[in-house]
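No gaps in the numbering here: position 162 of the sequence shown is 162 in the UniProt record's numbering, and each next residue is one more.
A hint or two may mislead.
[Unchecked claim] The calculated DSBU-like cross-link candidates involving lysine-lysine, where the alpha carbons are at most 35 Å apart (straight line), are:
hint: 1; residue 1: K77; residue 2: K131
hint: 2; residue 1: K302; residue 2: K269
hint: 3; residue 1: K131; residue 2: K113
Hints were generated in silico from the structure; no laboratory data involved.
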Amino acid sequence: MPLESLFRAMYHDKFDFQDFVNGEISRNYERTQYLDREKTREILKPNQKLKTFHTFLNLFLFEHLPVNRDVVFSYRKGVSTYDAVIPHAKSRHFFQADISSFFTNINREMVNKTISFGYDSVPISDIDFYKERILDLVCVGDTLPTGFPTSPTITNAVLRPFDDQLQAYCNSNSAIYTRYSDDIIISALDRELPSDIKDYVTQTLSVITAGRLQLNERKCRHFHIGGKVKILGMLILPNGQISVDSKIRRETETLLYFYVRDKDKFLNKTGLDFDKGMKRVSGFLNYINTIDQRYLEKLRRKYGATVIDMFLHRSFD
Numbered sequence: 001m002p003l004e005s006l007f008r009a010m011y012h013d014k015f016d017f018q019d020f021v022n023g024e025i026s027r028n029y030e031r032t033q034y035l036d037r038e039k040t041r042e043i044l045k046p047n048q049k050l051k052t053f054h055t056f057l058n059l060f061l062f063e064h065l066p067v068n069r070d071v072v073f074s075y076r077k078g079v080s081t082y083d084a085v086i087p088h089a090k091s092r093h094f095f096q097a098d099i100s101s102f103f104t105n106i107n108r109e110m111v112n113k114t115i116s117f118g119y120d121s122v123p124i125s126d127i128d129f130y131k132e133r134i135l136d137l138v139c140v141g142d143t144l145p146t147g148f149p150t151s152p153t154i155t156n157a158v159l160r161p162f163d164d165q166l167q168a169y170c171n172s173n174s175a176i177y178t179r180y181s182d183d184i185i186i187s188a189l190d191r192e193l194p195s196d197i198k199d200y201v202t203q204t205l206s207v208i209t210a211g212r213l214q215l216n217e218r219k220c221r222h223f224h225i226g227g228k229v230k231i232l233g234m235l236i237l238p239n240g241q242i243s244v245d246s247k248i249r250r251e252t253e254t255l256l257y258f259y260v261r262d263k264d265k266f267l268n269k270t271g272l273d274f275d276k277g278m279k280r281v282s283g284f285l286n287y288i289n290t291i292d293q294r295y296l297e298k299l300r301r302k303y304g305a306t307v308i309d310m311f312l313h314r315s316f317d
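Construct all of the structure, not just a fragment, from the sequences and the given hints.
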């Protein structure tokens, strides 16, 4: 179906298609900076109109592009970090790596090629005619900006060739590969991982992305069962069970204790923002509910089922 027909069917003239294809873009987002581990990072925040355009592009284009659903679990509906970790639960040998500056090192040409490779998968019949405009809407300069709603979904499609090749390599070496955003996890059950695993991942990523993406050397690590196996904030226990990291446990139980016993201390602990504290506890408990039902039952017994279920089921938006 033509892009204009899809747009009009979606918005019924609430938004102007000519604005979508010709309007000024730079005035529809703002740049904000924040400090992350002593590094200044930039986020681009689109206004409501540009967010709407991005939602449309996600729905009719980017969510249709091919991704390797067997190995990538980020930015997909119905899956989470837990799904990226559970395939490794019975493994004994691990390699974990992180991709440096993930979004911002993906450039316009990489997005362009990814869209072209996915033509047969998308419902837009005249996408080639509008492709340059679509690239203008989702890229800023020559980069994929952090903060645009389209960026996460695009990364999954851009890395599809890398995911496919690394999965094939791992399969041939009796290893398991999953990825969550910029986190790469490889493990093996009973045998050591290939000694050149880091070199292979580094070279494959560099070749497939024409040198744009590289591993963060400081975050590459080998480890094995017997030590502390912590992946994406979860612990893999020696018996193959997955549990919540102790830091999250401590903060959750501290907040629950003060909520039940001393609301003033709960308020102080949450920076004098009661609603923010309630949302934080709710987020922790829903995270725990996904990962470790046994620990959740322990919290029900300790702090009361009514309290725990209230945090799980009530909306704090």
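Going through the hints against the structure:
1. For the given pair, K77 sits about 25 Å from K131 by alpha-carbon distance, which is consistent with the 35 Å threshold.
2. With a C-alpha separation of about 20 Å, the suggested pairing of K302 with K269 holds against the 35 Å cut-off.
3. At most 35 Å may separate the alpha-carbon atoms for a hinted pair to count; K131 and K113 meet this at roughly 11 Å.
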